[in-house]
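Participant: Here's the letter readout for the chains.
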Amino acid sequence: MTNPKGDEYAVIGTRPPRVDAADKATGRARFGPDTDLPRLLHGKILRSPHAHARILSIDTSRAEAFPGVHAVVTAKDLPAAQDLAAALGEADIDLKYRCDNTLASDKVLYVGHAIAAVAACDPHTAEQAAQLIDVEYEVLPAVMDVLDAAREDAPLIHENMRTWSLAGTSEAPSNVANHFQSVKGDPETGFAEADLVVEREIRTATVHHSYIEPHATTATWGPDGTLTVHPTTQGAFGIRDQLASLLRYPLSKIRVVPTEVGGAFGGKSTSYLDAVAALLSRKTGRPVKMVMTRAETFLATGPTSGTVIRVKIGAKKDGRITAAQAALYYEAGAFPGAPLWGGMGVVLAAYDIPHGQIDGYDVVVNKPKAETYRAPGGTPPVFAVEQVIDELAEQTGTDPLEFRLLNRAQEGTQRVNGGVHTSVSSYEVLKAVQAHAHYSAPLEGPHRGRGIAFGHWGNYGGSSSCTLDVNSDGTVSLVTGSVDITGTRTSLAMQAAETLELTLDRVRPTVGDTDSVGYTEGSYGSRTTMATGVAVVTAAKDAIAQMCERAAMLWNVPAEAVSYRKGTFTAGGDGSPQLTFAELAAQLPRTGGAVTGVGNVHVDEWGGSFGAHIVDVAVDPETGKVTILRYTAVQDAGRAIHPSLVEGQMQGGAVQGIGWALYEGYRCYCLSSDWSEQKAA
Amino acid sequence: MIHKMRVSAMINGESSEFLCAPHQSLLECLRDVLGLTGSKEGCNDGNCGACSVLLDGRLVNACLVLGVEIEGREVTTVEGLADWRGLHPLQQAFIEQDALQCGYCTPGMLIAAKALLDRDPDPSEERIRAWLAGNLCRCTGYDKIVRAVQSAAASMSEDREEARS
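Residue numbers (my numbering), protein chains in the order written: chain H, 1 to 681; chain X, 1001 to 1165.
Take every hint as true, because none was put in to throw you off.
Quick look at which bits of chain H chain X covers, simulated, 3 or more residues with Cβ under 8 Å: (1) 15 to 23; (2) 206 to 212; (3) 250 to 263; (4) 483 to 496.
Treat the hints as calculated values from the structure; they're not laboratory data. Ideal Cβ placement from N, Cα and C applies to all residues, glycine included.
The shape of chain X in the complex, shown without the other chains (with noise of 0.2 Å):
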């Protein structure tokens, strides 16, 4: 048997520690190891975006990172968007611009817009188009997921505006 080996992680938030196989990805670590189903297996090799989650900070495709890689960092996934104050406006906005359909692609993509406001808080479309192009979805065709985007970036300013004030 492979001798499986020690993680200690910030995940969303909350310290982890978790026992992995070296070979094992980020993504199984957060899905098979902690119970975190909400990043998705769609090609496990980084294609579709669909377990993107923040590592540090950075946009990654969790299908491409080890599951040792992520000692002493921090990791976000779409467990970690909404929190006791409510979901996050991202996610309100696509619930509200009916911006998915399936569903599967949603956590991914919903990390990966986010990563895009932390960075642009007022993208135009096609930063917006552009940045998710490595988040695939099937359904939508894009253009409500795109809007909803959009809106989340005008309500998030809107917040910070009533925050300034």
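Isolated chain H, as found in the complex (with noise of 0.2 Å):
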């Protein structure tokens, strides 16, 4: 491969050891629960039994009596709960939700809902006195299943709660909190040119990332009235904007250092616990750390939304698609906001479809507030959708693989969102499938069976920023705002050192703190090593830019003289003078000063993805045990800036796929009523 200069990469497309993994694999790296501070307190929340109560009253006397304890705090100590409440309607609802999720105020909405919070001398003591809280509920009925929260007659989890869609606001209150629709064309034409109509309703697990690491935080609130916490998390600058608005607390007063992480998937940006710690601290004057149990991580930080999909598609004979429509009903969890816009972007976004509609429910259930969860909201809608081109391609007697090329979005290709495809790899993927040596080989034996799927991702860009420091020895200290989880920071590091035409061992990547670099998205949406390499690249050019200016001055040239090339600077032609990019660092200080590249961007362009996945399975036909026999994942990934951690993504990714598939799922426990029991009884 070659770069925009013609030559070889010579540091993209190669596979060097992450510059974290020595930390890593030595127990050195320090992850949210490791965090350690001279008198450091532990705070424990007391969490609802209930999947659905009204608070009546809460008294904290007997835990703040028991020894240990420093201080208690709820919903009454969140300053924007505080200012909400005096607000009188005027309440700023999105606000409301997320300080009743960090601490609940009036009601408790699932089993694991935060209502009060207790910092203690450790961990022991903390969730002893925890349970010492009194809280008076009076239960009420609870909605699990998002078809029965949907209908009129069931027990509302938002009295005021309305449905918004396209054509207003709903008179009637709702647990429905949105409808979303797209309309391509005329579905009822297209279904009518059809020969033939698959109809399939689907349902989904709600499902947990389950990364390893629990959440956890620790903040400490200073004498001169600054915050800094240490959460993990997947963007610290995300963290910071919530805390700003929780605590209503101005952003240059906070400071958010991220820890390593230990796993997220989607599920760390929103902020849990760190607003509580910041209220512990403030109230007794010492950091206090939070970290939450496995079972606390389970019932009370984002699941994704379990689902019911009904996914209609109509075909000629000949196997191409006159029409699809699909209707996605999401679990939004407790408070609105499900990844429906994932959903309703790539449902059938991988086909051209002439006539389409997307329908997308948002509904409200006493489950923990659903988060996004790798290719948010996408997965479930795509399962679905494959289900059925499988019976389509079937019932046509055309070949599976066959029926997705005949059908497949191509450049240009409209999708029923609204969206027009751009670069689109949906030909090379499925050729990529068709020739591999797994889709033709035999599958012998009994009740064995092979399967392929396809779908499409949008990807993200968004706003990154980094520094590039030029050190006197020529080495460079390449500072960026993005979390790293899966080895960014290497491959950030190697689109510096390409850039500046170095060898990789002289740049030096970390993450930095909101104080020590510009404001960054968070790592998610597949964003980090493209968007946050935008930004290196171009600090590496400005760095580039500017040495040149220095040469210049040096040599007493006009700076358009100076060129840069395979890590020497040169005026002009044979015989002017050089400097290596070494030489030249350890002259800075007598041409101005350091020099630091900087960059800082907001990805408005990126491109959209294709993968394909083939499966063998055999399954047992008295117990049903589906056991996975060859797995072969393909995936368009653009050009690879470090091939071993993509591949890394695509196993880790199938292996969490196949989970949801076969063996994941929540059974929520309620200790109130459950409504679809009551209404079935």
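Using the hints, put the two chains back together into the complex; each one sits in its own frame.
Facilitator: See the structure below:
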């Protein structure tokens, strides 16, 4: 592969050891629960045993009197909640939801909902004391099922919530927070043209990201009013923003220093503990650490939406799709905001659908608030569509792969949700499946089968920042705002080294805190290597341009006369002066001081991507047990900066998908009566 | 307040003495009392293996052992794997094979793998997978971990050959 100058890439595409690997293989890396500070206190949360109940009273006096307890906080201590209470009707409803999910005020909406928190000398004391907080509840019927919750007669989770749709806001309150809709062409005409139509309803389980590291944070409210927080998170700036709004506090007084992150998968962008730890620290004047247990992580942090998906697709006898319709019912959890945008964005997007309609319903249920999870909202509807596509292929007598090739989205295809496909690799991906030895390998034995699935994801760009400091020995220190969970420090340093035409060992990347680097969106949406990569390349080019100016100063020539190639600055042709990167770096103090390359970007353009998987399974006809015999993943990865890291994402993603499809789910027990069961009885 | 007990043990080759409450797990003692935060808490109930340590050479979950139980015994944690000569071949292999992503399960994975190679220097892929079944990794899909253990086993056997010749 060649770079824009026509040279072979020297660093990009290689597989160097990750810069963080030695720390992580020796136990030196500091994760969220590893933070320790002098005079540290430990916080624990009292959580609701009910899936749905009104809070009648909270009495913290017994907990406060417990030996070893330093402070107790409830929603009354949350500044934003106080402001909202005073605002009388003018309330910012999203902020109210965020406050209530941090510490419940009037109602608890799921088992595990946080109500109050205790800071004590050690975690055991804090846990014991939290159980001494007396809460009086009026237990209400709980709605756990998405379709039941959407019924008009369902108990309301938020009494004043109404359905927003393109038609406006509903008159009657409802658990359906939003009804989104996209229509392309005329679905009725499209289905009338079809020779056959397949319609299916598919349910997918509520599942949790299940990162091994629980949520954790440590907050220190200093006597000067500055707040320093060490959370495990996908985005330090996102945590700072959330803290600023929950605490009604200026951004400049909050410093968020992200720790290493023990897995996130979309689930560690929301701030659950930080504001609570901050309030406890303010009350006690001491740093407060809070670490969730595994049970708390499952009970109170985002699973991703369980769904009901209805898919109807019509096709001609020759296999060509004429129309498609999908209805997506997503559990939002206790507060609105299921990742429907992701689901609606990808549901039929891999195919060319002449006439189509997508309806998305964002439905609150008595479960923890749903969070984004690996291609947020995308997996369930694609899973459903692929089942229907396979049935259509079978009924039209078409090979499943040929069926997909025939109907695949192409460059310029307009998606049902309105977007237009630009750079499209659907053909290459499907052809790679066809050409793979797995696809044509014999599959013998009883009860065995082979399936494929095909999908599209849109990806993302967004805001990223970095600084690149040139050191006097010719090494560079790269600070980015992107938290590194999967090896992005390395993939970013590789892009810096490539641009600077230096070896990788000359670039030392670190993750900055919110005071040391510019605003950077979180490490989500497959954006970091790409968008922060753009920032890094920008910063590297900036540093080179500045160094060319310094060389020009030394040689007394115009800056335009200086060029940089393969680690050496030159002014003009043969015999003209030359300086290596390191030689010029040593001269920086006497040419005006340090050189810092800056990359502050907002990436507006990005390409979508396609992927397809092949799987062989054996099914035990008596027990239904499915055994996976062979699994091949094909992904358009763009240009793999570090191929091992890309392989790791594909392998890990496939295994989580297998887990979701075959093994995982939530059993939300609730002490409240379940309305669905009541109704059935 | 609960009366604390004094415990003496050999931890990563150093004799250590510390105070712990009778209800504190070995994992808590390592992390919160001794500052050895390499061993991780994932589930705190023996499911995930993130806190795997060697107790007198035997693989245990530190969350299921009480601190007071290690009196007079030997504990090896991830911090004890590397020595002055450098990284343990398993650590080297995990780094070279990109057998870690977030790295949170890695300390437990390394300790569990060491326990295996101490017993069986040339394990089959099936043996490695079965042995590591008690160590959960959510990121990698395990493939690169298994390969790293295989490659560490190979390089350790080469080292032994060299030492013999």
